[in-house]
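These protein sequence lines are chains A and B, in that order. Its first residue numbered 1, the first sequence is counted upward by one per residue in this note's numbering. Its first residue numbered 1001, the second sequence is counted upward by one per residue in this note's numbering.
Calculated from the structure, these hints are not laboratory results. From the three backbone atoms N, C-alpha and C, an ideal C-beta is built for every residue, glycine too. Please note that the accuracy of each hint is not assured.
[Stated by the list, open to error] Which bits of chain A does chain B cover? Going by a derived footprint, with three or more residues having C-beta under 8 Å, they are:
1. 17-24
2. 48-57
[As the list claims (entries may be wrong)] Partial list, computed: chain A residues near chain B (C-beta under 7 Å):
3. Ile14
4. Ser28
5. Leu31
6. Met32
7. Asp35
8. His36
9. Arg45
10. Ile168
The chain contents come next:
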Amino acid sequence: MVASRRNNTNPARIPALGLRTLVLIGVSIVLMYLDHRENHLDGIRKTIGAAVYPVQIVVDAPARFWGWLGESTTSRNELELEVGRLKAERLLTNARLQRLTALEAENARLRALLEARTRVRDEVRVAEILAVDANPYEHNLVIGVGSRDGVYDGQAIVDASGVVGQVIETGLLTAQAVLISDADHALPVEVNRNGLRTIAVGTGEIDRLDLPFLPNNADVRAGDLLVTSGLGGAFPAGYPVAIVDQVTRIPQEPFADVTATPAAALDQVREVMLIWSQPPVGEGTEE
Amino acid sequence: MTAANANRRLPVIVTLVVGLMLSIMPLPGLFETLRPDWLALLVIFWAMQLPRTWSVGTAWIIGIVLDVAYGTLLGQHAVALCVIAFVTVRFHLLMRVFPLSQLTATVFALLALYQFILFWINGVAAVTAPAISYWGPVVTGTLIWPFLYMFLSGIRYRAHSGA
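So here's chain B without its partners, still in its complex pose (with noise of 0.2 Å):
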């Protein structure tokens, strides 16, 4: 059962590391603010797949990490990512059925509700950024999406039909 766990998770876990290194790998200038939220994209399709195992705790504490890794707030983007992941589990079959365009239209609310809970979060906390490091990564992030669910679905169903 825990070799059948892991097995399932690993996937899952592998996806996020790398996640994690893609979102703080430095990058030059201007693709720095067009750079997509990497985690929040993994935390909605692992949210929406099996939100039984990854759901706002999960969610939450990858926040945490992030925030630690940016030197934002703590609890910044822990309080981001967990609001988008109920979202999603919230809504996880109405967006299985969802064909990829109108999926895509729905990530691109998530990560605008996203990046508009930084936003507050940072105008609360009176911390000044330019607007397109907010709406850049949404854009990227929408654009990037489709390309990313066929990749991800292709690794979930390696995973499990080789379990």
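Here chain A stands alone, though its shape is the one from the complex (with noise of 0.2 Å):
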């Protein structure tokens, strides 16, 4: 009634305004706040979208007849560009095609772990690979397992076939691994033949160990299977680690010369395998 007899006595003055003003903010910071902090009012953005959408399709119009009017009097050239950058794709969608073929080989490769792991009595996880150094004096690579899976430095890491590296850096979900290729790395192992203990050192060439402590009256030949000997604490014993490829024995020379070939395909591998000789310490003794 007030309000209405001051509208009549002043015409100029709107009713209630700094109120609705201030209601009307309130509303506006209640819903900044909502749409900040969490996404409940999806609902009202596409409703009210719903009723802004024609306005978009008309400004939108212009624009696209432009677009429309450039797509039909494109030049020969450019439809020949276009042309190129097709085929381009198509070759690669071809290359994505082939990836079927590497999951075949890869799911024969995971069974052959499998069949691994029932012939090792020590704890093993499989993991992937997730990316290996560029850098062509080590040969490191990183996996997808980390401290959070147990994983510990030293570890010692084989493939189907045959010891592949150890683990010398772990992070909370991935680990970095030096190759038994590089040149840093050295690994006690014996001759299965005979037992002969001796010590197999990576020479950065991804497919050749050299064995350089071996007197020239060592028995040992071409075409014999090294394993690990277990001497060193970080690998247990028994797991293959290269084939002797050739021994050249030098009658001036203290030592034999003598190269290996890694059992295990270093440059091809996808999925290692990790193991604890003793249970890991993030998983207990479930398994």
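Got two chains here, each in a separate frame; can you build the complex from them with the hints?
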């Protein structure tokens, strides 16, 4: 009543303007808070968005017309470029299709891994290789398990056919490993045939290991299988490491020149197995 | 009565829809940052001329629509438009008797206030944008105001004399 009387006496006055403004500001602040903190307002957004949609269509129409005009008058040169681009893209897609073959091979490898798992008595866990270091002087790789999974520094890594390397740095979710072929890596081994102990040293070449500490008269021949001796403590005993490739005895030298080929396909592995000689820290003894 | 009301509201609604179109029309690079706040200018004009029909509530609804169209925080443009509508309605008698130059200066202040509110909310919500995206619309909006004012006055005069 009061407001209407005031309206009559003073036509310039807008009723409850300040109050309405305050309420609207309050509503806005609540809306902004809800919108910023959580996404509960998607429904409101979609509803209003649907109302605005016709306006957007009208606004977009000239741009669409220009686009259509541009397409209709594209020069032959541009069309040829476009065809070239599409051809390249098709090649890329075909290459992706070929991954199917790779996946089939992966499946076969995984089956081999599972069989290997039944062969070893230690606790093992399959890990995927995430990255291979591009540095040509180091043979490192990154695997997709870390300290959260109970991985520890120095842990042995094998694949279906032999020793791959060992963990050198453990992150929470990933771990870095060095391959046995790294020039800085050495691994205590024994000749499977007669138990002759020695050390296999990486050469920096992915498919060659050196056995520099075998005397000339040592009983070692090409084709001998080298297995881990377990003496270093890092690797459990009995895993195949390499096959002796070539033995060159040089009479005037104290040591024979012996090279071996790693049993594991170091440059072809996708999945590796981590070995816990004791049960893994993180997982307890559930299995 | 409703027909007369519709007749009086139609020009405002048409200008607001056109303003919304101009606001969301895609523009190339630099022009995007210099795009005037069409809807803010329209809200100032109509709130000044017809404060009983077009006031803070309308401004708020326009702001929400703008927020959805821009994808900004829901309520950001709404609160900014609401505040400048409040100031305009509060001083609409004064603004009506201003000469155009003084009115343009007032509009500059209102646009600066509008952009400051947007800037402030962006700051709270940790959205960073370059300074030109705030100052550009203020300058272009002020420059365009005299022409827009004359154009809208013409529309208003014609609509009213027609009705």
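For each hint, the structure was consulted:
Counting residues of the region 17-24 of chain A whose beta-carbon sits less than 8 Å from any beta-carbon of chain B gives 5, enough to reach three: the coverage restraint holds. Counting residues of the region 48-57 of chain A whose C-beta lies closer than 8 Å to any C-beta of chain B gives 6; at least three are required, and the coverage claim holds. Against a cut-off of 7 Å between C-beta atoms, the interface hint on A:Ile14 holds, since the closest Cβ of chain B lies about 6 Å away. For the restraint placing A:Ser28 at the interface with chain B, the shortest Cβ-Cβ distance is roughly 4 Å, inside the 7 Å limit, so the hint holds.
This hint holds: A:Leu31 has a C-beta 4 Å from the nearest C-beta of chain B, less than the 7 Å allowed. Interface restraint check: A:Met32 against chain B, minimum CB-CB distance 4 Å, threshold 7 Å, status holds. For the restraint placing A:Asp35 at the interface with chain B, the shortest Cβ-Cβ distance is roughly 4 Å, inside the 7 Å limit, so the hint holds. Given hint, A:His36 at the interface with chain B, holds; its Cβ is 5 Å from that chain's nearest Cβ, closer than 7 Å.
Evaluation of the A:Arg45 hint against chain B yields a held restraint, the C-beta minimum of about 6 Å falling below 7 Å. At its closest, the beta carbon of A:Ile168 sits 40 Å from a beta carbon of chain B; the interface hint therefore is violated under the 7 Å criterion.
Of the numbered hints stated above, the single one contradicted by the structure is hint 10.
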